[in-house]
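Q: Go by the hints and put chain A onto chain P.
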Amino acid sequence: MSEQQGGLEEGGDYTPVGSRRTFFGWVTKVAAGLVGLGLAIPLAGYVISPALKRRVQSWVEVGRVDSLPEGEPSQLEYVTIVRDGYLEAKTQKAVWAVKQPDGAVTVFAPLCTHLGCGYHWDTTDRQFKCPCHGSVYDVTGAVLAGPAPRALDRLPTKIELGRVLVMYKEFKSGLSKSVEL
Amino acid sequence: MRIYEWFDRRLNLTSVERTLLDEPIPGGASWIYVFGSATLFLFLLQAITGMFLAIYYAPTPDHAYDSIQFIEEQVAFGAFVRGLHHWGASGMVVAIGLHMLQTFLYGAYKSPREVMWMVGVVLFLIVMAFAFTGYLLPWDQTAYWATQIGLNMVGTVPLVGEFLMKVMRGGELLGALTLSRFFAVHVLFLPAILVTMIAAHLFILRRVGPAGPWTDERASLGRETFYPRQVYMDAVVMLAVFAILASLALLVPFPLTDKANPSDTSFVPVPEWYFLFYYELLKYVHGPLEPLATWVLPMVVILGLFFWPFIDRNPVRNPIKRPAALVSGLLFLLVVFSLLGLSIKNLYAVPRVDPALARGQALYQQFGCIGCHRIHGEGGAVGPDLSYIGDTRPDREWHLKHFRDPQSVSPGSFMPKFPLDEKQLNDLASYMLSLKRTPS
Chain P
495 MSEQQGGLEE
505 GGDYTPVGSR
515 RTFFGWVTKV
525 AAGLVGLGLA
535 IPLAGYVISP
545 ALKRRVQSWV
555 EVGRVDSLPE
565 GEPSQLEYVT
575 IVRDGYLEAK
585 TQKAVWAVKQ
595 PDGAVTVFAP
605 LCTHLGCGYH
615 WDTTDRQFKC
625 PCHGSVYDVT
635 GAVLAGPAPR
645 ALDRLPTKIE
655 LGRVLVMYKE
665 FKSGLSKSVE
675 L
Chain A
1351 MRIYEWFDRR
1361 LNLTSVERTL
1371 LDEPIPGGAS
1381 WIYVFGSATL
1391 FLFLLQAITG
1401 MFLAIYYAPT
1411 PDHAYDSIQF
1421 IEEQVAFGAF
1431 VRGLHHWGAS
1441 GMVVAIGLHM
1451 LQTFLYGAYK
1461 SPREVMWMVG
1471 VVLFLIVMAF
1481 AFTGYLLPWD
1491 QTAYWATQIG
1501 LNMVGTVPLV
1511 GEFLMKVMRG
1521 GELLGALTLS
1531 RFFAVHVLFL
1541 PAILVTMIAA
1551 HLFILRRVGP
1561 AGPWTDERAS
1571 LGRETFYPRQ
1581 VYMDAVVMLA
1591 VFAILASLAL
1601 LVPFPLTDKA
1611 NPSDTSFVPV
1621 PEWYFLFYYE
1631 LLKYVHGPLE
1641 PLATWVLPMV
1651 VILGLFFWPF
1661 IDRNPVRNPI
1671 KRPAALVSGL
1681 LFLLVVFSLL
1691 GLSIKNLYAV
1701 PRVDPALARG
1711 QALYQQFGCI
1721 GCHRIHGEGG
1731 AVGPDLSYIG
1741 DTRPDREWHL
1751 KHFRDPQSVS
1761 PGSFMPKFPL
1771 DEKQLNDLAS
1781 YMLSLKRTPS
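Sequence order for the protein chains is P and A. Using the working numbering, the first residue of the first sequence is number 495, and each one after it goes up by one. Using the working numbering, the first residue of the second sequence is number 1351, and each one after it goes up by one.
Hints listed in this document are in silico derivations from the structure and should not be mistaken for laboratory results. From a predicted model like this one, the values you see are computed outputs, not experimental measurements. Treat the hints with care, as some may be off.
Claimed, not checked - In silico DSBU-like links for lysine-lysine, alpha-carbon gap of 30 Å or less:
#1 P:623 <-> P:666
#2 P:623 <-> P:663
#3 A:1633 <-> A:1671
#4 A:1609 <-> P:584
#5 P:584 <-> P:666
#6 P:547 <-> A:1609
Excised from the complex, chain P in its bound form:
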């Protein structure tokens, strides 16, 4: 509607015109904008905030060094309490640990680097084998065959007072480099 339109419309209704009309329109828009911003910013933060939180990693004992056979991978239970929003849930993972001759322990993430299947240790062939697409790794985690793009991912491990401590992490599958999720 043009601002030059008369104050009296057809039917005898009065509509403010000119600068008065501009003022009313301007205040209305500012009020709507302020309320909109006042809601949009907090609400966006409210929805997004859990996506920005980093998972808190902690060291978890998976077993004792003495009980591990040297050079032979063994599957160990990784049990931890995870905070899932307002819930606290116990989660279990099975990781593969190999004791080296020098007493150090290498721990592999339990997922094949190809597409994230669970692999197992074949005791006769002395190889890690993934049942899904036939990836094969040796005892050091290096790729021997199959579509696996990289060696098995290693989890941060340390030994304290004879206990093996592991920090569980997940890695992106299908990449030639280890990228933590």
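A: Same frame as chain P, but now just chain A:
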């Protein structure tokens, strides 16, 4: 603007815009007409904040309380969003109250607007139902016990009362089924009904037109269009309402009480302020007369309100010329507000606030006691939970000795000695002693 023109050529929007915005207001725009829009704005705000609260809320007794605590403490702006929803509920009751008061004063419920008034009364009742069902959702002590009382009141209705109570509760006890049905009613059923009724209310408004001033001479002076001046007034009021609610949400914390505990009957629940007058009324009526107050009187008031346009048959709208209606309205308000005032006075007369408590609480914060001790679910779990320490350790001397040297009263305690002077020791002890199940 280009986009608008493109759509306008196809959808003929300009005529819709004119229909929506050029509604004539008899006697011109006025600040007195903003209450309806303010109520509508508050409803939209409640709907939006409610939807966002539902993102994290879990309607089960196991998790409801934890999920609200999560919103309050972990989610960015969580306390703000919940605060807006909480204060918005109160704001809605205030806005509806003012809207009804204005309608009453202007005689705007009279012919041909009787149906609009009746739909309005239903809208008011729906809002009250929202308040009742929403109150339980945090699943804290206040929520649990207040709802227990509300349901018991339904139970006093003769013949059908007990059955009705069981249906609302979803069985024999107030628990999982109650919470999930209150949640479903609060977020799905009531909003659907409310939206329909608002649509009806606005549809009728457009069919009969706004009432305008109570004298025809003033109404005929001019008919101003709804846009732009009334829109501007409504927008300014909406911004003011939002500013008030946002400040309340930011500045007045609205904490949870302890998690609902069905075995703890010592808890004294207090209803929301808009149910307080009724709560107060019930204190004066006991024994065989109780059903009179719990359901006969509310029923009479609601029916009276609903059929008011047919009770007040005087066609004049000018308030001065209809003293009977005005006096009965004033009398009603007088009773409600006297009861409300009495109730607030009684509630606040009981716990006298000792300034030492506030100072003690400040010390508790200042020395980081919260790092090890927990009060009502907040704080570390290293030291003992202090939520009700006033009940378990009522001896002031013990606290004083303990703060000076924790080892002297609890051997083996690894709580450090804190450097406190005599006054600080006393203030902190006062605060500890005040942490009781039933505030004295």
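Q: The structure should be examined with respect to each hint, and the outcome stated for every one.
A: Hints versus structure:
1. P:623 <-> P:666: With Cα atoms ~19 Å apart, residue 623 of chain P and residue 666 of chain P stay inside 30 Å; holds.
2. P:623 <-> P:663: The given pair, whose Cα atoms are some 21 Å apart, holds under the 30 Å limit.
3. A:1633 <-> A:1671: 38 Å, violated
4. A:1609 <-> P:584: Given that 30 Å is the threshold and the Cα spacing comes to 23 Å, the pair holds.
5. P:584 <-> P:666: Answer holds: residue 584 of chain P to residue 666 of chain P is near 23 Å, not above 30 Å.
6. P:547 <-> A:1609: This hinted pair holds, its Cα atoms lying about 26 Å apart.
Going through the hint list in order, the structure does not satisfy hint 3, though it satisfies all others.
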